[in-house]
Structures are given as structure tokens and as C-alpha cells.
Amino acid sequence: MADMTDSPLTRDGKSIVLAHDHGLEHGPTAFSAVPDRLNPEKVFEMATHDAVTAFAVQKGLAKQYYPSYEDSVNLLAKCNGSSSLRSGEPFSPQTWSVDHADDLGADAIGYTVYPGTNTEHEMFKDFYKVQEAAEDHDLPVAMWSYPRGQPIKEHRNPDAIAYATRIGLELGADFVKVKYPRSGAAMGHAVDAAGPCNVLLSGGSKSDDLTFLSMVETAIDAGASGLAVGRNVWQHEDPMSLLDALEKVVFEEQTAADALGREAIEHGSTA
Amino acid sequence: MADMTDSPLTRDGKSIVLAHDHGLEHGPTAFSAVPDRLNPEKVFEMATHDAVTAFAVQKGLAKQYYPSYEDSVNLLAKCNGSSSLRSGEPFSPQTWSVDHADDLGADAIGYTVYPGTNTEHEMFKDFYKVQEAAEDHDLPVAMWSYPRGQPIKEHRNPDAIAYATRIGLELGADFVKVKYPRSGAAMGHAVDAAGPCNVLLSGGSKSDDLTFLSMVETAIDAGASGLAVGRNVWQHEDPMSLLDALEKVVFEEQTAADALGREAIEHGSTA
Amino acid sequence: MADMTDSPLTRDGKSIVLAHDHGLEHGPTAFSAVPDRLNPEKVFEMATHDAVTAFAVQKGLAKQYYPSYEDSVNLLAKCNGSSSLRSGEPFSPQTWSVDHADDLGADAIGYTVYPGTNTEHEMFKDFYKVQEAAEDHDLPVAMWSYPRGQPIKEHRNPDAIAYATRIGLELGADFVKVKYPRSGAAMGHAVDAAGPCNVLLSGGSKSDDLTFLSMVETAIDAGASGLAVGRNVWQHEDPMSLLDALEKVVFEEQTAADALGREAIEHGSTA
Amino acid sequence: MADMTDSPLTRDGKSIVLAHDHGLEHGPTAFSAVPDRLNPEKVFEMATHDAVTAFAVQKGLAKQYYPSYEDSVNLLAKCNGSSSLRSGEPFSPQTWSVDHADDLGADAIGYTVYPGTNTEHEMFKDFYKVQEAAEDHDLPVAMWSYPRGQPIKEHRNPDAIAYATRIGLELGADFVKVKYPRSGAAMGHAVDAAGPCNVLLSGGSKSDDLTFLSMVETAIDAGASGLAVGRNVWQHEDPMSLLDALEKVVFEEQTAADALGREAIEHGSTA
Amino acid sequence: MADMTDSPLTRDGKSIVLAHDHGLEHGPTAFSAVPDRLNPEKVFEMATHDAVTAFAVQKGLAKQYYPSYEDSVNLLAKCNGSSSLRSGEPFSPQTWSVDHADDLGADAIGYTVYPGTNTEHEMFKDFYKVQEAAEDHDLPVAMWSYPRGQPIKEHRNPDAIAYATRIGLELGADFVKVKYPRSGAAMGHAVDAAGPCNVLLSGGSKSDDLTFLSMVETAIDAGASGLAVGRNVWQHEDPMSLLDALEKVVFEEQTAADALGREAIEHGSTA
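Chains as they are written, first to last, in the working numbering: chain A, 1 to 271; chain B, 272 to 542; chain C, 543 to 813; chain D, 814 to 1084; chain E, 1085 to 1355.
None of these hints come from the bench; they were simulated from the model. Treat the hints loosely; a few may be bogus.
Covered by chain A, according to a simulated footprint, are these stretches of chain B (three or more residues, beta-carbon under 8 Å) [said to hold, decoys possible]: (1) 282-296; (2) 306-313; (3) 324-336; (4) 351-357; (5) 360-367.
Calculated cross-link-like contacts (lysine-lysine; reagent style DSS-like; alpha-carbon spacing at most 27 Å) [what the hints assert, rightly or not]: (6) E:K1290 <-> E:K1237; (7) D:K942 <-> E:K1209; (8) A:K125 <-> C:K671; (9) B:K450 <-> B:K519.
Some but not every residue of chain C turned toward chain E, in silico, with C-beta under 7 Å [as the list claims (entries may be wrong)]: (10) F666; (11) E712; (12) A735.
Even for Gly, the Cβ is constructed at its ideal location relative to N, Cα and C.
Chain A on its own, in the form it takes in the complex (with noise of 0.2 Å):
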């Protein structure tokens, strides 16, 4: 079995990657409520936040700015991505090889597949020589494992995101990035479908504060090794503070209530 605790993805096994592609996967809108991190330079600032164990980023982030980070910042190469100017099926093509991203000094890298559609073959295909050369490379893998197409009824249902979770395992990925499927025993049953296989909680679109760590701390209290976290933080009018909140949860086991000083609210809520 891989050990992952040395990855620079992790610490104690537990990892907080901060993602930052949703300037090609949502496009410039995303940054609306919050202009100055259009910026690419006040994210990579946050992810030089101490809990911060990894920074995805797609090619031109990394080619840009990673020079000036790489003291202070591991990177995860986010290799293929879409726009959301598209309309149908998602399908995400690669955008970056393996050998350019270690040659700017990538730790490990990303890769999205959306197992359900018309071209899940494709993406697997695509995946599996990805992988390969990250091997080749000893450069631990994550992937996006999103169900998706016309057979799935509902993208967050346990038995898909279960699904996807074992999907990264059996495909050979190190780290499998799955959505919140709604309740912890159901995260539970996507980490045990994972087996070694670490797996991290995508942190999707911006909530409220004690809703989202609590259902961070509900994610790792059921086996999950971590999150990647997006827009709850760079979209946050206080990035450092919510990253330290979440640094208690991931790796100080407290609960979200104690990592914002607040009261607890019931799990049943965290949709």
C-alpha cells in the first residue's frame, strides 16, 4: 500500500489542498462579489496559509506565479479543464503534461473524470496515461471523480458519490476528490469504498461559515483525509481566518463550532 503521509499533499495524513481553476472553470463572474482576488497573487498568498498543504492550479497560474511560491507553497498540477461557456456533457481535456508540470516543480497532480457520461471512456483512457507518467515521475495523483450524464439521477446520491470514490481507487489515483453526499455515515461508506485510496471533500460553492465546518469536521470525523477547498475560501471576506478554522478541524480535531468560537448547529443541516 502507498504510503501517502510523507506526500507533500498531506501532513499527518491529513491534507487541506486549496483550488483555484475556477478561472477557466467558471470564468471571471466567480470573482464578482470579491474583484481584488481576480488577482491571482492574493490566492497564491493564501495558500502560503500554513494549513494549506497543496495549491491546484491550472498551467498558466503555476507558469506565472509558482516561481515566487515554490519555497513556500506545494503545487498540484490541475492537467486538464473546461469552460463552463459549453454547453452539454461535460468533457474535460487535458491542458498540461505531466513532464511540463514537474519541470516547473509540481508535487503532484489533478485530473477531472466524469464517470456516467458518453465519454467516460475517454477520460479514462486520458487518465490512465496521466497516471502512468505521474508514476514515471513519483508524483502522487488526485482525481476529480464526479458522476455525471443522463442515467444519474442526482450527482450528491451516496451510492454515486461511493461510486466515484471507488472509481479513484481502482483506477490507481492516490487522492479522490468527491462532493458532500449529504450525510456522514454516507461519507463514511465513500471512504470505505476508497480504501487506501485518501479522500477528500470537494468544498463546492460558498456557505456560511459554521455550515461549511461542520460539514468539513463531519467529513473528517467519517474517514476523510482532508478537503479541497475553492470558493469557501478565496470568495471568504476573511480567507485567513476561515483557513485557520479549518486548520483546527482537519489536523487539531475540533469541532467547527470551537474552530469559530461559536455554538454547534445540527448535522441534519448541512446539505
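Since the structure of chain A is already known, use the hints to place chains B, C, D and E on it.
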């Protein structure tokens, strides 16, 4: 004629392949009745049973667990696969290169084709490259040969199964795994059609022990070299005892009833 | 002009290719009247007959049996093929690389194209790479040239067959195998259209001996270099006697009737 | 952050790219009002004007004329393109390898993508290979980033243009060329979205001098690094005088009116 | 500017390419009025006429006959082609690699593109690889540039033909072969649009000598570098005399009437 007698997949010319790619092909719901087997280690342990000549898994399971089992288990690297989340005609993309499978210590290569589908030609083309790469690495190849597609009215009909085994022979497979064509005579015909290519019965979904073992006995009597069994073993309440019985039927030429210490059933009832 | 007189496929400029790729193209039902021939060894034995200048099989049959026959049989490696389980327009994907065929001792390469189909361009492209690889290995190439597709009303019409042989010449084949265009005059025209590319009559489905041999005699008289025969030989009750007769017609310029020791039939009746 | 200040495409951080790929993209009808410019030599002469930092052409024009101009013109090799004869969604296939462009003395690489189309993924994939090949040759890359496709209601709307520049940044372009988003504020937002990736205004179809130069002035004021201009120059009755004026606006920070020695117009009227 | 004056395809800057790929493109029915010409040797003999600067054939004809003619004929290797058996939009797949054409002694490469079709982008992509391979072998490239597809109402209209020649120039062809755009003025415009890329008139289907030669005379007067002629020569009852006349019109600047020893016809009647 290639002599597979000394192949790591056979013992005295017979094989019991334990297959465990269901996490990818069927998803975690396949484990709902036996939740502890969601842990691949439990199934790897079953593969150490003397009866098992090879264990068929996807890249990820092999990568995570095989290093601990390489002395006790022969690895059949299943190099393509797909999820059941996708609808439409089946197609199984490559998920593992022969090079990387060999690096991990694979003893043989497994690959699925679906003759009769609209993408039969793509799978034949993918198969020939994998088969030749395996040949270059001196690794035998097992084809999962499953006729599908609109023109095939019933995928277990004897003519379809005999065609399936012949395709294995014609395209250069050393082993060909097919569904049970509903009678020993039909199985015998399929074995004849395969020439020296070893025919493996596909265990299929879980059935009661005597029904299952009687089907195996019939297939062996008809000339099959053995079977690839998955759910009938790892979904079993006592997998090791079923493997004991399988060993008796396949390697010691006992009847199913004798192997189980029970009364025989009629062959006609093995559907 | 390439001189194929000394080619392993010809003797005194004439060829009798025994073709046996029916296990893939037609499936085991092709053997229902002659079940013992389901065993490829029986057909390999026929290929040792003096009349046979080359034996055309897929990779798997060659791999399993050719090592025992390499001193007595010339191997024509059929490097693409498809099953009849698939419906829709015919397309024949590559199933064997020229490199691997050469490693196994192939004396020539065979490849099917279906001019007129929607994927004609893919087969032309695949063919050119195979043809050039064969040239690099000093192996002659035989094209199975079978016009198909919606615009072709009748695939045995004389213009279609003459076009088929010309495509063989134009694309660089050394031999071109076509269906019988229903008359000696039409065959003569097809031979003229092929220039120095050797035209082989495709034997087609089983017919009575005199009808079949008269068709061969007519084709030879019209300038064909010989034939590729499959079912008329290996589905025959006495294959060796038919090969004796074929030898007389093709190599010794006897009439079909003389070769069979019978009375001639009218050419007009060879449909 | 890559410093493009010393790039052959910039002078003091500013660029005027003269683009002349209209012979391929629009065809000779683009020259009907200025028939002498159908001769590429006339346009190459314009490219020798001091104002021009690089000249963007397809392979053929570069091959035929660039050897005579390599001392006086910087070459931006436009490595993909398509004709306007084709209907349907735009797609721009590769027409020139980076290797061959480099052999001919290219100083930079240009490549078009159409985000939002059904083949966005193919262009992203093609782009990443071209961008990495350019990086391997130490050549900067300019992306022509033009959102298109059914979901995009209006391809000059400010959000689409800001998304377009961000895609340039995210995918690793050094320069990104976009249409004018109808106001300086929108251009400023697009420039912000691009981070350190230089934004070039796309000159678009021919308009009157003051309107055109006012748009350029507004874009430069908004932070654009310059422009890529084609028809406004080479369809002009006096191209050299317009280049004089462009030089003043882009490099000498003059107003459009001053540069032309005329009265200013309202920005609101630059459509 | 590449100087094609010394190219094997030109003499004093002029070319008469004898084209003979009709066996593939049109099939043997093209020979029905001149059955002896079905023998490629007869047409190879025509190619030895002094007037002919190059002979354009597919791989197979070159392979079979060129070794006997390499001292007397310049070979233009036509490296793609398709049959007229297929319906639907035209697409011409590669049939010959530049490497193999060069091995056989090719003096130049010919390649067809159909701008305006739905697969224009595939042909542009294929063309660029062939063009660059030819450049690497120091072989000039002739593009057959034939606008087609739904949006093109009439494929001989002057704008389409001028676009066709410009595409030749833009994509790096040394020669571009187009249909006659119905007038000398239109031809002159097409020649201007091609810049230094040599324009070759496509002879088209068989017409009477004076009509044909007058069209050639007009094209030459309009600046065409020559023509590629097929059926007007090899379907002619006296091909050598027509080549005599062509030589006078193309290389000796005689009128069509003078070359034939007849009275001139009005240009307006050359349709």
C-alpha cells in the same frame, strides 16, 4: 502451439481465476450484502487460497495491495474497464498499460471485448496492441469475450458463445472467458471452437452453491480449462469453503455434490 | 514492375491461396456441416497440399499452429478482420501488426478494404501504413478488395469488380482478391484494369465442384493469377481431391471437366 | 512571472502586431477595395514600419517572403487557421508545427481557440501541445481567444471577453488577443482577469481612423498591452500614416485625436 | 521567396503536369472509350513526351512502372486519393507517405484538399504534416485545391477559385492546381491571389482540342504557370500530337489556333 500448462494461470492445465474488478464494473452496491469485502484486503486474502491460480484486478487494487501479496498470489492485470454508471452500448477503454502492469509484477494480462457492438472494431484494434505488447513481455493474455449489441438477441445463446471463444482463438488470446451457454453440450462446442485457447467459464452473478458448482462441473467435463469466479466467491458467507469445493471440482475431478458433501442436482436446472 | 513470379505466394506466376479466416468472419456456424474442421489443425493439414501456394489465417491460428507447419506451408498473414455479429456497413479493423506477423514467419500480408463505404477513407489510410510496413519488411501484400456501401447497387457487377482490382493496383497491392464478376469477359476486364497486380478470384460460398472449377477455369483463362479459396475446399467432403483438381486447372491448364474427369458445363451457368 | 518586456513582440511592454492571415480566414474578397495588397509583399513592407513589433502570418506567406524580411520584421507564426468557405461552428486546425516555425525564424507563436464551441476541448488539447512545444523552443505564445457557440449570446459582451482573457492566462498564453468589449471599463476588467498575460485588442473590421484609434486609446488606457491590427491597416489608403498614428497612441501615450491632429470623439460612440 | 524555376516540375518557369490518378478517382469506366490506355504503360509512355515536366500518379502505378521510367519522367507522387464509389462530401485520405514516395524517387508531392467541406480541418491538418515532411525531404508540394461543400454554390465561380489559389499560398504549397474560373480575367485574379505560388490549370474532362487549348492559352496569358492535364491527353485519339500543341502554347507562347494549325475561337465560348 503455445503450451500454457506451465503458465502462472494454470496448474495441471486447469485454472481458477478469482476476479475482483467489480468495484469498477458494478460499484460498491455489489458489496451491500457483504460490506466487509468492500475492503480489498479481505478479497486479496481469499486469493491466497491454494485453489486460486490467479487474481484479476484493476491497476489501483494491484498498486495498493499487490506488493504485500506478490509471493502468494499470481496477478492477472485487468487492463481495461468501465463503470455501470454509463448507459448505451458497452465499451471498455484501456485503463492500464502492459508496461506498467509488467512493472508491478503481473503474471498475465486480461482484456474485455464486446463483439457485435458498434465499436467492436475499436476494441479489436485496442486488443491487438495490448496482445502484442503482452507477447513482447512474455505475458499470456486472457480475453473476456462478451457478445453484445443490437443484432445479438440473447447473449448466452450457444452460437454466440461458440463465436465468442473462437474470436479469442482467432485474435491471439491464450485464455478466453465466456458466459455459460446453458448446457454442457454447448460448452463443449465452444471449447472445440477455441482450439488450444483455454476456455474459462465466467462465474456470473451469485447463485446457490450446488447450482454453481454443478455448472462448473459440467463446464469442466465439457473441456473448459477452468473458470473465472468473482461474486460467487467474494459474496459468499464462507468464501474459503467454496474455494475448497471449487478446488475439488476443478483440480480433483470430483462431482459438485461430492465436493459439497451433498446430493447431485440435474444439469438441466443450471440456467 | 515488381516481379511476383518468385513470390512465396506464386508458382510459375500462379497462386492458390487457401483462406481460413472464417472462424472470425463467419463464426463457428460456418463449420456446422463439417464439425471436425472446427479444429484448425485439419485445415492446416489441407494447406500442406502441393497445390496450395499460401495459407491465409488470422494471428491466433498462426500463433497456435504455424510453428508446426512453417516448413510445409507459406503463411499469408491476414492482418485485419471483423465478426459477422456486428451489423451496419462493413469495416475491418487491424488485428495484427506487420512486425509481429513478420516475427512469426509470415511470407505475405493480407488486408481487406471496402471501397464505397462511408469509412473507405479510414481503410485506405490504414491500408497504406500496412502496405508500407510490409514493403519495409520485403513482404508482398494482398488486398481483399470488396466494394460495398449504399451507392453500390450490386457488388458483383463488372464495373464494380474492375474498379476493385484497379484500386488494388493504384494503392500498391501486389495481389488483389475480388469476387467473380459473373463472366470471363468481365474478369478479363478486371485483370486488365489491375495491370501487373495479380488478380485472385475469391472462391466465395460453397458450390458444386464442376460449377466452382468452371468458374476458376474461366477466371484463369481470363488472366487471373489464381484464386483464394476457403469454403469450397475446407467445407468439401474430400478437400484433397478438390485441391488435386484445382491444381490441374490452375497450374496445368486443364479444363474443369478434365480435372474432375467429367463433362463440361456451359460458362453461362456460372452465376 | 515571465517578463515579456524583452519579448520580440513588445517594446517598453507595448505591442503592435500587424496581422495578415486574412487570405486564409476571409479569402481574396477581403482585398477587393485594395487590390494591390493582394500581393503579400505590399503588406510585408508595412510590417517594416517602426511601430510594428511583430507580423502575424500563416506558414505559406512566411515561407515565401520572410527570408527577405527577417532582419526588419519579427515573425509571429500563426500556426492554425481555417477558411470562411466552411459553415457550421468555427474550428481552427493546426497548419504549422512549432518546429518548422522555429526553423523559419519565428519569434513567437500564434494560435486561435474558440471557447464555448462543441469542439472547445479539441482546441484546448491542441493548444496545450503547441504551447508546450513553444515553451521548449523559448518562444512566447499569443492566443487568439474568441468565445463562440450556441450558449454565447453575444460574443463581444464584457463577461465573455473577460472570460476569454482569463482563458489565455489559465492555459499558459503569454499574450491573449480579444475583441473590444464595447467600453474601457469592460476592457479594464478583461485586463485584470488576464493577470500578467498581455492583452491585445483585436482590431476587427475596417472603421474610420478616429473611431479606430479612439478605441485603441481607450484599450491602452484600460491596461491593454497593445493591439493586433489587420484590416484597419492594410485596407487603409495610407497604411504608413495610420501606423504613425498608432505608434503615437500606443507607445507615446498621445490621444487618438492628437495622434491624428484632429478633435476627439466621445468614447461612447466606439461600438 | 522559393525559386521554383529550377524545380523538376518546371522548365523556364512553366509546367505541364500529366495527371493519371483517374484509375483511383474515377475507376476503369474512365477508360471505356480508350481501352488500351487502361494499361498504365501506355500513359507512362505519353509522360516521356518532352512537353511533360512531371507525371502525377498514385503509389501503386509508381511502384510498378516508375523504376523503368525514372530517367525519362519526373515523378509527382500523388499522396492522397479516394474512389468515386463513395457518396457524400468529398474527403481524400492519405495513401502514401512522403518517406516512401521519396524512396521511390519522387521529384514532388501532390495532395488534394477540399476547402469548404465539413472535414476541411482534417485535410488542412493532414496537409500540413505532408507539406512539412516534403520540406524536410526538399520536395516541392502541389496542392489540388478544390472548394466544395454545401455553402459553395458553384465550385468554378471566380471568388471560389481565387480563394482556392490563396489557400495554396497560405498553407505553404509551391504549386496550386485549380479548375478554370471561366474567364482569363478571373484566372488572372486567381494568379494574383496566389502570389509566388505557381498556379496550375486543372484540365478537367475531355473537350475538343481547340476549346481546350484556347482555355490553356488564356490561362497562360493570365499568368498561370501551366496546367495539370489528364483526360484531355490520355483520352485523346492522338495524345502525342496534343502534347505537341500544348508544348507550343505553354512553352513557346503560340496561340491555340497556331499550335493546332487552325483558326482561333472566341474566348467567351470556353465554358
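Against the earlier hints, flag every one the structure doesn't satisfy and list their numbers going up. Of the numbered hints given earlier, the structure breaks none, since each of them holds.
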